[in-house]
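Trainee: Protein sequence lines correspond, in order, to chains R and Z.
Numbered per our numbering, the first sequence finishes at 381, counting up by one with no gaps.
Numbered per our numbering, the second sequence finishes at 146, counting up by one with no gaps.
Hint data in this document are derived by calculation from the structure and do not stem from the laboratory.
Virtual Cβ for every residue (Gly too), placed ideally from N, Cα, C.
It is possible that part of the hints are untrue.
Below, a sample of chain R positions facing chain Z; criterion: calculated Cβ distance under 8 Å [stated by the list, open to error]: (1) Gly-127; (2) Ile-133; (3) Tyr-237; (4) Ile-249.
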Amino acid sequence: MTEVAIIGVGLHPFGRFGDKSPMTMAAEAIQLALADADLSWRDIQFGVGGSHTVTNPNAVSSLVGLSGIPFTDVFNACATSASAIQVAADAIRAGRANVALAFGMDKHPRGAFTGDPGNLGLPRWYGENGQYITTKFFGMKANRYCHDHGISPLTLARVAAKNYRNGARNPSAFRRQPLSEEEILASPMVNYPLTQYMFCAPDEGAAAAVLCRADLADRYTSTPILVRATEIRSRTYGAYEVHASYAAIDEDDPPTVHASQAAFESAGIEPGDVDVIQLQDTEAGAEVIAMAEAGFCAHGDQEKLLADGATEIDGPMPVNTDGGLIANGEPIGASGLRQVHELVRQLRGVAGDRQVPGDPRVGFAQVYGAPGTAAATILSR
Amino acid sequence: MPRMLAPDISTWPADDPQLIGSRCSDCGATTFPAQALCPRCSGATMTDLLLPRRGTLVAWTTQGFLPGPPYAGSETAETFQPFGMGLVQLGDVIKVEGRLTEGDPDKLRFGMEVELTMRPLYTDDDGDEVLMFAFAPVAGTGSSDA
Numbered sequence: 001m002t003e004v005a006i007i008g009v010g011l012h013p014f015g016r017f018g019d020k021s022p023m024t025m026a027a028e029a030i031q032l033a034l035a036d037a038d039l040s041w042r043d044i045q046f047g048v049g050g051s052h053t054v055t056n057p058n059a060v061s062s063l064v065g066l067s068g069i070p071f072t073d074v075f076n077a078c079a080t081s082a083s084a085i086q087v088a089a090d091a092i093r094a095g096r097a098n099v100a101l102a103f104g105m106d107k108h109p110r111g112a113f114t115g116d117p118g119n120l121g122l123p124r125w126y127g128e129n130g131q132y133i134t135t136k137f138f139g140m141k142a143n144r145y146c147h148d149h150g151i152s153p154l155t156l157a158r159v160a161a162k163n164y165r166n167g168a169r170n171p172s173a174f175r176r177q178p179l180s181e182e183e184i185l186a187s188p189m190v191n192y193p194l195t196q197y198m199f200c201a202p203d204e205g206a207a208a209a210v211l212c213r214a215d216l217a218d219r220y221t222s223t224p225i226l227v228r229a230t231e232i233r234s235r236t237y238g239a240y241e242v243h244a245s246y247a248a249i250d251e252d253d254p255p256t257v258h259a260s261q262a263a264f265e266s267a268g269i270e271p272g273d274v275d276v277i278q279l280q281d282t283e284a285g286a287e288v289i290a291m292a293e294a295g296f297c298a299h300g301d302q303e304k305l306l307a308d309g310a311t312e313i314d315g316p317m318p319v320n321t322d323g324g325l326i327a328n329g330e331p332i333g334a335s336g337l338r339q340v341h342e343l344v345r346q347l348r349g350v351a352g353d354r355q356v357p358g359d360p361r362v363g364f365a366q367v368y369g370a371p372g373t374a375a376a377t378i379l380s381r
Numbered sequence: 001m002p003r004m005l006a007p008d009i010s011t012w013p014a015d016d017p018q019l020i021g022s023r024c025s026d027c028g029a030t031t032f033p034a035q036a037l038c039p040r041c042s043g044a045t046m047t048d049l050l051l052p053r054r055g056t057l058v059a060w061t062t063q064g065f066l067p068g069p070p071y072a073g074s075e076t077a078e079t080f081q082p083f084g085m086g087l088v089q090l091g092d093v094i095k096v097e098g099r100l101t102e103g104d105p106d107k108l109r110f111g112m113e114v115e116l117t118m119r120p121l122y123t124d125d126d127g128d129e130v131l132m133f134a135f136a137p138v139a140g141t142g143s144s145d146a
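Turn these sequences into a full structure, and let the hints guide you.
Mentor: Structure representation (structure tokens):
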């Protein structure tokens, strides 16, 4: 099968930017990705745009060039960026294009996501009764996981503190103020055992990546990063997922397990081969749980791994080196491409103050969101 | 006269009301609320099933902020008190997600026994209480499994 490489990445900082439109942010991220690949917009032969709040991402062409290329827009909740990358990479594999662009953008109001549960196949009473709340699912899952596997609130706080520390080293991050474990634990309880500072916030931003046929990549860059796998999986009967009025007695693995296993198998790579890890830290518990669900440790080992600093930038399994969602927030359509942007910079060895030491060669990114959809992406030099 | 927010999902106002789920005649999968097609085998032979009233708490959290629309509860930002939310295993039939009448984390325990109840969610424009299901701890059955 045709191999695909990422030859350029660009990112508009994540945060809150007043009246600035997400389209303007996307246009800037695209220009940065093009400059990074030493290409111009007219070199892009296929485009994929992802967003939750922007209905027609491909309208960005009015800002960067009305070149008439095939353009597809995608939305797949928190896996939107993974879908954008997958569609762009598949277009190259199918011979539709040699050079393609994937980008994502969003601009969310403050506060937890809300809406009509009917859009997820749930009855209206689910929302009227106060159950249609993403954060309460994460609270239930984290609380049960901590209970079943001996994870302490301090470990949850350590995850958040690490991500704020990493965010402080990231000029593009939303939250760049380090917070201590004590401050995190003392912040208001949102959904027991998760406190306010253990959660990410919906915010604004954009990110883009230029992909090309790997055998052509040397024309554009001396450091192409191969897309070794992008696997998306939805929930199965028996999985205990966000936004559900019931669960089956016999439990199945969540989609992060299925997506990660498929990605490792497809790439011919083992979790132990991964040098830099990006996980969907919607809140601190999700990062702890995803470490095991994605295959990087056994359930319960996180208590000691976090105490030992294993997931720090200079640890043996660095997680969320750019601060993750906790420090960057989540513009849904751009979040997965932010992860990829960070991995590409880490694997090129140009991540600056937050560079993982030891010449990292393999990166892994996982996203998870409503209504129980996960994606795993593996990149390598 | 009190009324139920979703009259079709329980046997209320019968005595000792039960939630109404469905079971697949082909593979035995269960759902709540009832639905037409089986989520496990995609078969079309779902039949209604009355769910047990009592169960055990297998996952729980607290809801610490006032939910946004379409939440219908009568609280305001000023009067809101955190409430409990749980996943309750009803026998060997199904796990149902629901509100808990107890919202204090110190009084909630994994494995504790809970029972279906109907609680007022808000009062409608006619002055009638609108009820919705919740699970209440069964007195004296708190588990020691903290």
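Trainee: Confirm or reject each hint.
Mentor: Hint by hint, here is what the structure shows:
Against a cut-off of 8 Å between C-beta atoms, the interface hint on Gly-127 (chain R) holds, since the closest Cβ of chain Z lies about 4 Å away. Checking Ile-133 (chain R) against chain Z by beta carbon gives a least distance of about 5 Å; that is within 8 Å, so the hint holds. A cut of 8 Å between beta carbons decides the hint on Tyr-237 (chain R): the least distance to chain Z is about 4 Å, and the hint holds. Here the hint on Ile-249 (chain R) is kept, as its CB sits about 6 Å from the closest CB of chain Z, short of 8 Å.
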